[in-house]
Amino acid sequence: MQRWPVLLFLAWVCLLFFAGIGLFMSGFLLTRIELASSSSCSDPLVPPPWERQSLPLGSCWAPQRFSKAVLVIIDALSFEFARFNPTKASPLPYENKLSFLHHLATSQPRHARLYRFRADPPTATMQRIKGLTTGSLPTFIDVGSNFATYAIQEDNLLAQLVQNGRRVVFMGDDTWEGLFPKKFFRSYFFPSFNVKDLHTVDDGIMQHLYPTVDSGEWDMLIAHFLGVDHCGHKHGPDHPEMAKKLTQMNEMLRSLVDHLGNDTLLLVAGDHGMTDTGDHGGDSEKEVNAALFVYSRTPLFGTGPPEEPEAVAQVNLVPTVALLLGVPIPYSNIGEVMAELFSGDGDAVSAALQQLSVYHINAKQVDRFLHSYSLVAQDLPAEQLQHLQELFSSAVEEHSQLLAQVQGSTLVPPELESRLGSLISRFQLYLREARAVCTQSWARFHPLRMVGGCTLIAASCLLCYVASELAASSDCFYRSCLLYPLIWGLVVTVLLGLAHAFTQEGLDLLLMSSWAAAASQLGFFWHWWGRHPKRARLAGSQPPLASIGLRQRLREWLGLAFPMGILLFRCGAMFSDSFVVAEARVAPFLLASLVMLLVGKLHWDGRLTVPEGPKQQLLGFSSYRREIWYLLCLVAMLLVCVRLSGFFHQCREEILQCRPSLFLSPLASLRNTRAKNLFYLLCVALLAGLVYAVRSWLRRYGNLNSSDPLVLFVRWGFPLVVLCIACYWAVASSADDSLGKLQELVQVAVVAFPWAVYGLASVGLLLLLCNPMTVFAKDTRESAGSIVTPYLGVPGSEVNFLHVIPQIYKRMQESQKSCLERGNCRATIAAYGLGSVYSAALVIALTLLGFLLMLLHSERLSLAFLLLFLEAFVLLHIHTRARGLAGDAEPFSVPWYAVISWLLAASQFFYSTGHQPIFPAIHWNAAFVGFHLDHSTKLLPAVLVGANTFASHILFAVGCPLLLLWPFVCEMPNSQRKKPKKESREELQEVEEHMMEMRLRESPEKFSTALLQLGLKYLFVLGTQLLACVCAAMILRRHLMVWKVFAPKFLFESLGFMVSSICLLLGISLVMRVDCAVSTWFSQLQLR
Amino acid sequence: MKEAAIRRLLAANLLCVLSVVLTAVVPAFFWDGFTVLGTHLTWLCICSGCVSTFNILLHLVLKPNLSPKRSSFAHKISRFLKCCIYFFMSCILFHAIIVLYGAPLIESVTETFLFAVLLSTFTTLQCLCMLGPNIQAWIRVFSKNGAMSIWENSLQITTMCTIFGAWFGAFPIPLDWDRPWQVWPVSCSLGATFGYTAGLIIAPLWIHWNRKQLTYKSR
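So the protein lines, in turn, are chains A and B. Going by the working numbering, the first sequence opens with residue 39, and the numbers climb by one from there. Going by the working numbering, the second sequence opens with residue 18, and the numbers climb by one from there.
Please note that the accuracy of each hint is not assured.
[Claimed, not checked] Here are the computed lysine-lysine pairs in the DSSO-like style, where the Cα-Cα straight-line distance is at most 30 Å: (1) A:Lys1082 - A:Lys976; (2) A:Lys272 - A:Lys282; (3) B:Lys99 - A:Lys639; (4) B:Lys80 - B:Lys19; (5) B:Lys229 - A:Lys639; (6) A:Lys234 - A:Lys282; (7) B:Lys229 - B:Lys161; (8) B:Lys161 - A:Lys639; (9) A:Lys324 - A:Lys126.
Worth flagging that the hints you see were computed from the coordinates, not collected in a lab.
All chains should be modelled from the sequences, with the hints used to inform the complete structure.
This is the structure:
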């Protein structure tokens, strides 16, 4: 049997997929690391002492210009909405509606100004709020200290205000509540989720806005209106509703300005724009083009407004507001101050000096941030950082020189002015370049990489399909389809490596591996195509055969249509946010449909009815075979399992009326002691039931007779594991206060029991790897007698084995029969459990893994795990039965419907073990099973949480080879049932029937091909789902829900793919390991 | 002969379609505020009632399956009772399957049950009319090459179309369009109804296209 080529081929295919995923991720997911540090008033950044002395009380870093500020955020206020063009004769519904802003800007040009406000992608509201407060560029994943909450961990404007004793009052969008918990002095939140609701938020704000402003109990007031955005989503911008909404905003601003005092700064900003359809989220011109309006009753600007409104980046608001209000700039800010707001009333020189000082502070802060960021992460290119550093130090040097000259008053105004101007522009240059560098690495999709990754994944799927068809038919498959492609890939890698060595460029490992993957794929398809015409020519020489082949192929395609149709539905569901949200119900629905369709198809084909005899044909009646009831019971059981598993669901926030399942919370949170005890007993009883079921299954197939360490472990270790888990649950779920003195003991026990389970399970797995044979051989021959007399060949040769195994079998059968019948045993070997040796090893491994995973979940989810095992068992049986009934199928190939139903069950149980593909739904508690709130490394908690999240993926992937093995295991009962019916010739047949899994050993070539085929089919179905997710994320990257639904779904799906494929490899290699052990066992037997 | 039979089938099926359409239109004249979507449960009742009575009448008139032997009155009564029991059982079975497919278990039981009744009307009742309470015949009809007359062929097609219609009807439920027809079980029952009517129309056409290939075994 070829073991290594099979594993190598599967590993190669997995690597192709990984390269595709990696490439796509690098183009799609923008990542950034959050820094925990925050600025404070006493930082040594502050300007030189001579200026410091003039700082008024309550100011940090720069003198405070305004004591109060009102920030009005009108969600999705595009620049087009805010600008007013009086010459326009027939404005569109969204044009010329904010007339009051225009009125202010024209009547008081030194008090008010309108800007283009450039938002950075992703233009989703949450990311924009983050940007508007931290002054940074939030990406989809801000790698911070805590994934579990959305709360902003980075230093931000609100945190600085609160830290410096300002009162922040908020009203509007309740997204802020999650982002800034407990930061507000007073707050009025309104639900933001319902996009159809245009008025709740706005009317709520309006109700509180003016009384709050008049009361004066605030220093910073933020009002976030959502009506415009919701109107865009519901109707689009070009709609009369939008005109009404904007007019309402106009009136609101008009009366708000009347309520403002002289020391108050008013900022009206849109967090992003909107497309012509009213959507946002991407980086198109219309989405990033928002409006900013600044107004104060005291003069702000030294000069009049420019002709065309200036464009400012959104992050620039943060340092500007911070310094205007006299608080430190947030630590991670990369924005640039809007200097014209700092010019004040004085002459040109003093204005320039003032601007210079804020630029200086700003530049120092940005430099500090870049320095500390580059210490933590390497994603900013080093040479550009170096260049920035040079810019900064030269500007600072010149700044200090200039200040010294100013102090010595050696410069005269004209020269001074020009030097000041040039220095300011140097600071500006530095700040802009710094921001550009950050933007480039944090806020851009790479469409080329995305398309490349998508193509790689699609090609890998195709490769899986082609190879799974090819593996069975071709002879020198591995050479042409594995070796050559690998060589192609290696050659490309070496060439690229050499090219890099010559050009001295930075080596991008990801790009190189994707090129290598693409090359090896090309190699595969090239060789496949090269062989293809030959076959066609061969077929062409025999026309009648070809036509039959065509018809057969057509029928095959039709047969494929029904499982593939279900898969297609599943993939199509990934493209709609509603279906992704409702996937917990979609997967079971499709699974049930697949199984029902399977039964319906069998019935339609007449497989379920007894072949019609002449008598029945006359009557026109048909009756069912007896097996049909068994099959129907199995299907009913599967449906019940599927339905019951729906009780363990977790909720997403998108479904408003959803209540999470009661079973998800740990037992410790139950108040009712009696219910707690009952649940505890139920869980433990079911756990014991699982062990009992596994043991009785093993006993039934004779795998529990031997005295090998593994069997002993199954007999004694399994109950011990259950005991440990039960003790752990008891300790963990007991109320903390009731134990009093035993507290310390409990602390030890909470750690000790999980470790005992980990230890026992790893011992079990090690034993399984060392000696996976669960066969009990009873040697009753005399010392001289050999089992198979005609055997004189060289022991150990492969050919020999092929001949020997069936013989041993026959012998065993005979000996058993003779023992029973005649009462005297002849000299033979009786091997118990040889027929199910592969499955037994897999079942033991799965049970051990199941124990580990149950330990990581909360107690009551063990019920879901038991359902999982039951459903998998039922699925295997349905598959076996359906195969037996369908008859003609090739025994060594697993049909598509089985693989697809297996994977549907895997994704169904992902949801039914209380998970959802969103970050807040991850069970973080799993990281602390057996640990006391401290981890020295990050790897271990990641493994634990990953195992918890992908529990069902792991179990189903490891158990995948069972799909191939199970029909062989279940052979025995069938033949026994047939026995009474058939009268003659049963002797010979029965010997054949009892081979079970040893049938696989009879033809090792076919066995290895079958394993490869199964693995490829599994990877194909997984890969197709992944491809659908990837395409959805790529195509819908401008969708409103991309960061909330599609991107997390893609992340979970790709991680799930990696986990599944690795576990699949492990499962298959376990089967191979057993095969090795069986070979050695036979050779030892022969030597004896 | 065959052409005439097909024409008869077409006429019967078109009458069935008409009855379905009428159940949606006519009650609105008698009762203010009746709409298929708004008062869905009423419509479900009316539709199942009308379609079943109409079907029974139609089969009494047309008698597509003339039973060769004349049966006694007692035999007829027992047949009728059996049919009733079968119909009720099929309602229960459909209800169970719908719940297993994910319909709410406790809430909106009435809706689910009425939907099951509708499905039974479209499928089981037809079978009962055509084949009688004879499970063996049912099994025969619903397998490949099992149909023995164009009526049975039509039965196959309408039943499958109904089931598939109901299945597809479940698809729009999760979408966030907030339409009144997305509420359980409106979309499914509408899907089943459309499937049924489509099946009724498709069946004669399909039989007409394939009349050369269709050769029925004699009993």
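Structure-based check of each hint:
no.: 1; hint: A:Lys1082 - A:Lys976; in the structure: holds, 26 Å
no.: 2; hint: A:Lys272 - A:Lys282; in the structure: holds, 14 Å
no.: 3; hint: B:Lys99 - A:Lys639; in the structure: holds, 28 Å
no.: 4; hint: B:Lys80 - B:Lys19; in the structure: holds, 16 Å
no.: 5; hint: B:Lys229 - A:Lys639; in the structure: holds, 25 Å
no.: 6; hint: A:Lys234 - A:Lys282; in the structure: holds, 16 Å
no.: 7; hint: B:Lys229 - B:Lys161; in the structure: holds, 17 Å
no.: 8; hint: B:Lys161 - A:Lys639; in the structure: holds, 10 Å
no.: 9; hint: A:Lys324 - A:Lys126; in the structure: holds, 20 Å
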